[in-house]
Amino acid sequence: MRSVPADEAIAMIPNGATVMVGGFMGVGTPERLLDELVRQNKSELTLICNDAAVPGKGVGKLFDAALVSMLTASHIGLNPKVQQQMMAKQIAVDLVPQGTLAERIRAGGCGLGGVLTPTGVGTIVEEGKRQVQVDGKTFLLEPALRSDFALIHAFLADYLGNLSYALTARNFNPVMAMAADTVIVTAEHIVPVGVIAPDHVMTPAPLVDYLVANG
Amino acid sequence: MIARRVALELRSGDLVNLGIGIPTLVANYVPPGLKIFFQSENGLIGTGPIPEQGMAHPMLTDAGGRPISALPGASTFDSAISFGLIRGGHVNVTVLGGMQVDADGHLANWMIPNKMVPGMGGAMDLVTGAKRVIVAMQHTAKGKSKIVQKCALPLTSARPVDLVVTDLAVIGFPDGRMTLLETAPGVSVAEVMAATEADLSVANNVSEMKVRETTP
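In order, the protein sequences belong to chains A and B.
The first sequence begins at 3 in the working numbering and counts up by one.
The second sequence begins at 11 in the working numbering and counts up by one.
Take the hints with a grain of salt, since some may be wrong.
Stated by the list, open to error - What follows is a list of derived Cβ distance ranges for each label pair:
1. A:A13 / B:Q159: 54 to 60 Å
2. A:G115 / B:V199: 52 to 58 Å
3. A:N43 / B:G98: 39 to 45 Å
Hints listed in this document are in silico derivations from the structure and should not be mistaken for laboratory results.
Backbone N, C-alpha and C define an ideal beta-carbon position, used for all residues, glycine too.
With the sequences and hints as input, model every part of the structure.
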């Protein structure tokens, strides 16, 4: 793990990169990293995120600046800009059931090829997907998801990069921290090693590549 | 009215997930003493009421991003666990809004093609995985019945729902047949049938809709 300023961390991301961003309706989202993506005008991004948040907040800022060309998410209903950009075919949107999205990312981080889920069977979600029978039940084969970068927001990070999250700001963060080639983290508080007890570490330090300095 | 009727379906110890809109109101009618665990799919069991002015925590919200509180005994977890709970059959009851429910019990509640495509969020997992699925919605919209013979809108799941509670009626599926079980106070069976597009059987003993009397 290396400690870097936000501008240096984001400078590593090329245009066209695939980026996972933690957070749920902007809660538990690394806002400083998103501000920096906008400032550095990183464009043509493929974004994997639970939702599109709202304009001006969380990943909503990326859509305000038209930096996203592809989005994989479970819900975009509260961001009218994304709806407009989708209808105008400026961005391609792949809508995935939320539990399937979480498991596809988890699979990507755990070395699995994908998951078998009953969710979506008999709906338009099954179109184009392989169906697998197990003990007489039908499942969809949903492929694993990985990304070039994961942008993560923790509550506590220690000097080694161990992370813990707060309340509902945890959401997709620990799952995404497993599923990207390069993991960049911001934290509300950066604390000495030992402050986060071993039992309370939710993302172990070796998963974190860059911890963005506070202040 | 709808929320008060749905509240009667909850049992002590149930893990319950409420959708947005009318379903959210159900929590207001749980009588004190009944221990219900409410789940918020963004990662919390034990959701409590909206905090007082100035007491909101920016990292404690419902799935819509609005501030909530956590009750004593609450627990938090990541999205994979949250949906493991949902898909894995650990949620006893989910209460969801609906756009259409059809005679087979299929629910459509997540998109209107070319018009409104918000995304399914957690709805597909909830309907597929919860032990019991209750739909809480208005019986009609803009004069058109939402209880239809066959859903024209894209389905949320192939799994049929268990109970539908509307402003006019309670509808169940005994032996797989869509059946009128209760009518709202002051509403006749004929009025329900007139407001219903689907072939609806009528139970022998249609009763008046019971409601939870607790005041919020």
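Verification of the hints:
A beta carbon spacing of about 59 Å between A13 of chain A and Q159 of chain B agrees with the range 54 to 60 Å that was offered as a hint. Our hint of 52 to 58 Å for G115 of chain A and V199 of chain B holds, since their Cβ atoms are close to 54 Å apart. Separated by about 43 Å at the C-beta atoms, N43 of chain A and G98 of chain B satisfy the suggested range of 39 to 45 Å.
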